[in-house]
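From just these sequences and the hints, can you work out the full model?
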Amino acid sequence: MSSASKPKILELDGVSYSYDQNRSVISDLSFSVGEGAFIGLLGANGSGKSTILKLGSGILKPLSGSLLLWGKSLHTLNNRDRAKLISYLPQTLDITVPFTIKELVSMGLYPYDIPPAMTVDDALDMVGLRDKADAHLTDLSGGERRRTFIAMTLLQGAGLLLLDEPLANLDIKYQIELLKLLRRLKEQRNISVVMALHDINIALQFESVILIQNGRIIASGDPETVLTREMVKHAFDVNVEIKGSGTGGIYVSYENNFL
Amino acid sequence: MSQVRMLVLIAVTLLIVLCSVFLGPRIVSPMATTDIDKEILFSIRLPRVLVALLMGMALGASGAVLQGILRNPLADPYILGISSGASLSAALGIIGGLTFLGTFTVPMLAFCGALVTGGIVGVMGWKRGGLWPDRLLLAGVGLSFLFSALLMLMMSISTDEGLRRAMLWIFGDLSMSEWPRIPYGLAFVMIGILLSTTRAKALNALILGDEFAHSLGFAPRRERFILFISVGLMTGASVSLGGMIGFIGLLIPHIMRFFLGSDSRMLIPASALGGGALLCIADLISRSLLPPLELPAGVITAIIGAPYFLYLLRRKDVLSI
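Protein sequences, first through last, are from chains A and B. For the first sequence, numbering that gives the first Met the number 0 assigns the number 0 to the initial residue and increments by one for each residue that follows. For the second sequence, numbering that gives the first Met the number 0 assigns the number 0 to the initial residue and increments by one for each residue that follows.
Bear in mind the hints are in silico, worked out from the structure with no lab data behind them. Backbone N, C-alpha and C define an ideal beta-carbon position, used for all residues, glycine too. Treat the hints with care, as some may be off.
Claimed, not checked - Derived list of chain A stretches under chain B, where covered just means 3 residues or more per stretch with a C-beta under 8 Å from a C-beta of chain B:
hint, segment
1, 53 to 59
2, 97 to 105
Stated by the list, open to error - Just a few of them, taken from the derived set where beta-carbon distance is under 10 Å, the chain B residues facing chain A:
hint, residue
3, L22
4, P24
5, R70
6, N71
7, T197
8, K200
9, N203
10, D209
11, A218
12, E293
Stated by the list, open to error - No more than 27 Å apart at the CA atoms, straight line, and that leaves these computed lysine-lysine pairs for BS3-like:
hint, chain 1, residue 1, chain 2, residue 2
13, B, K126, A, K60
14, A, K179, A, K7
15, A, K53, A, K83
16, B, K200, A, K83
17, B, K200, A, K53
18, A, K101, B, K200
19, A, K5, A, K131
20, A, K7, A, K53
21, B, K37, A, K60
22, A, K53, B, K37
23, A, K131, B, K200
Below you can see the structure in the form of structure tokens.
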């Protein structure tokens, strides 16, 4: 859901997908991502958030509908050309081989024959991990691991990041750290971010949210408009109170459910 | 730094190969002046050392590739049943007297056996659009038992000559090394190493997972298939040269990661060299320790390698699990 003035990077139009013939996971989905967008994809477990990101990144091919990346059909793009435009980070980062941080980040150069101007050290600088270049992934905190992979995508040069639950299993401190980093990258490098997430209060920090239920968009736009009591009840089947934080913002309270 | 270590590895491997050629129950001078020495050198030692080197290279590199494409630190051609599939296919060809491709028949049968077994393991490990490493491993172990049992069945009902040859395929034996198969073995192993090394970036990406590999601009299924062909070539060559020898494919990539890091561009050639060097040493020990008795080389590789492997498992820079 981009603002009309900004060029569209990714456009999904009437996209449907199903893992088997009996059950449709995504039905007639349409939305677009503009340049510099910061979008939260919100929905209950099994609502289809991950599938949408996999469709958007070209990992899955839709059964019907069209996907355009910078105006070109996503599935006709050469793999390496696509990798320079879009990067997808899966939810699980279970890697059994002990690559060093530098080795991992340098994989971002794989789509290139002639290396771009940015170096591995530059990318590590941007995510604040240069001093840990020779460490192994197991030596890092959950937040640092995520930042390592963000550095890889920076080197890859992709203008659009599709992140599947990057905040899962992170302490709140690291969640905030990662969100601040992504916002900074959006400001400085005009990178667009679409992120699947669970936490409604974190979703309130986004410029725009898309609320998903059973593979369909049930609301989208400014989070304070979308995340109403009724919509949250509809999407998550819980009763919440939307409260003022006293500093101009709002937050979602779940306390009624524990009474 | 890793380039220097690679050069040291090349030098050490060459030294071990030379020692293996000239040392043994009878020490042969490089100048080999007597007819007996010349006979030992050219008819026995050289083919035997070359077979050990090629088999070790094939198994080491195959282990490095399989551990990557299956994302499992336990994967190797032996555990996944690929070696036993190749052995069964080759043994059937030999006992059945098949010669439709001349001396090329056995290596080709071993290659096809390796590919078919790998294919079956792959089908068994496939679920919901992806390969499940644990399923693959269990399927491989199951097939390995089945094929070994079939080989033993063949042993039980075959003639003495058939029995002797079938024993070779089960336990691995370097004492029967002969020149005619070496050119095919060399060609298969070199093509396998070159093919996998040229796809090493894709292998690095596959280690992170198919979704990462896709995101980094690779087609995961195509890359896995190409890498799998390279494993089939190398395992088929190894089995057709000297039967099944376990443990090298599992052990060597872990040791090489410790010395040279995890980047497959270095790890594949390093595992090939390390595997070749280990099997040459093991063979040298096996024929020198209690002459004229020869111990199975596979036993020596396990006795040398297993304690070191267990030590490495304690280090987190060798294995992230």
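Against the structure, the hints:
Under a criterion of three residues with beta carbons nearer than 8 Å to beta carbons of chain B, the stated coverage of the segment 53 to 59 of chain A is upheld, 4 such residues being counted. Interface restraint, the segment 97 to 105 of chain A with chain B: holds (5 residues with C-beta to C-beta distance below 8 Å; minimum three). Taking 10 Å as the C-beta contact cut-off toward chain A, the hint placing L22 of chain B at the interface is violated, the least distance being around 36 Å. The interface hint given for P24 of chain B is violated, since its Cβ lies 41 Å from the closest Cβ of chain A, which is over the 10 Å cut-off.
Annotation: R70 of chain B was flagged as interfacial toward chain A, and the flag holds, the nearest CB pair being 6 Å apart, inside 10 Å. A cut of 10 Å between beta carbons decides the hint on N71 of chain B: the least distance to chain A is about 7 Å, and the hint holds. Taking 10 Å as the C-beta cut-off, the interface hint given for T197 of chain B is violated, the closest approach to chain A being about 14 Å. Hint status for K200 of chain B: holds, given a least beta-carbon distance of 5 Å to chain A, under 10 Å.
Hint on N203 of chain B holds. Least Cβ distance to chain A is approximately 6 Å, under the 10 Å limit. At its closest, the beta carbon of D209 of chain B sits 8 Å from a beta carbon of chain A; the interface hint therefore holds under the 10 Å criterion. This hint holds: A218 of chain B has a C-beta 6 Å from the nearest C-beta of chain A, less than the 10 Å allowed. Taking 10 Å as the C-beta cut-off, the interface hint given for E293 of chain B is violated, the closest approach to chain A being about 37 Å.
With a CA separation close to 18 Å, the supplied pair K126 of chain B and K60 of chain A stays within the 27 Å bound. A threshold of 27 Å between alpha carbons decides the hint, and for K179 of chain A with K7 of chain A the separation of about 24 Å falls inside it, so the pair holds. Between the alpha carbons of K53 of chain A and K83 of chain A the distance comes to roughly 17 Å, so the proposed pair stays at or under 27 Å and holds. Pair hint K200 of chain B plus K83 of chain A holds up; C-alpha atoms about 16 Å apart against a cutoff of 27 Å.
About 22 Å separates the Cα atoms of K200 of chain B and K53 of chain A, which keeps this hinted pair within 27 Å; it holds. At most 27 Å may separate the alpha-carbon atoms for a hinted pair to count; K101 of chain A and K200 of chain B meet this at roughly 15 Å. Annotation: proposed proximity of K5 of chain A to K131 of chain A is violated, straight-line Cα distance about 37 Å (limit 27 Å). Note on K7 of chain A and K53 of chain A: the hinted pairing holds, with a Cα-Cα distance of about 19 Å set against a maximum of 27 Å.
For the suggested pair K37 of chain B and K60 of chain A, the alpha carbons sit about 65 Å apart, so the restraint of at most 27 Å is broken. Restraint check for K53 of chain A and K37 of chain B: not satisfied, since their Cα atoms lie roughly 65 Å apart, outside the 27 Å limit. A C-alpha spacing of about 23 Å is found between K131 of chain A and K200 of chain B, which places the hinted pair at or below 27 Å, so the restraint holds.
In summary, the structure is inconsistent with hints 3, 4, 7, 12, 19, 21 and 22 from the numbered list given earlier, while agreeing with the others.
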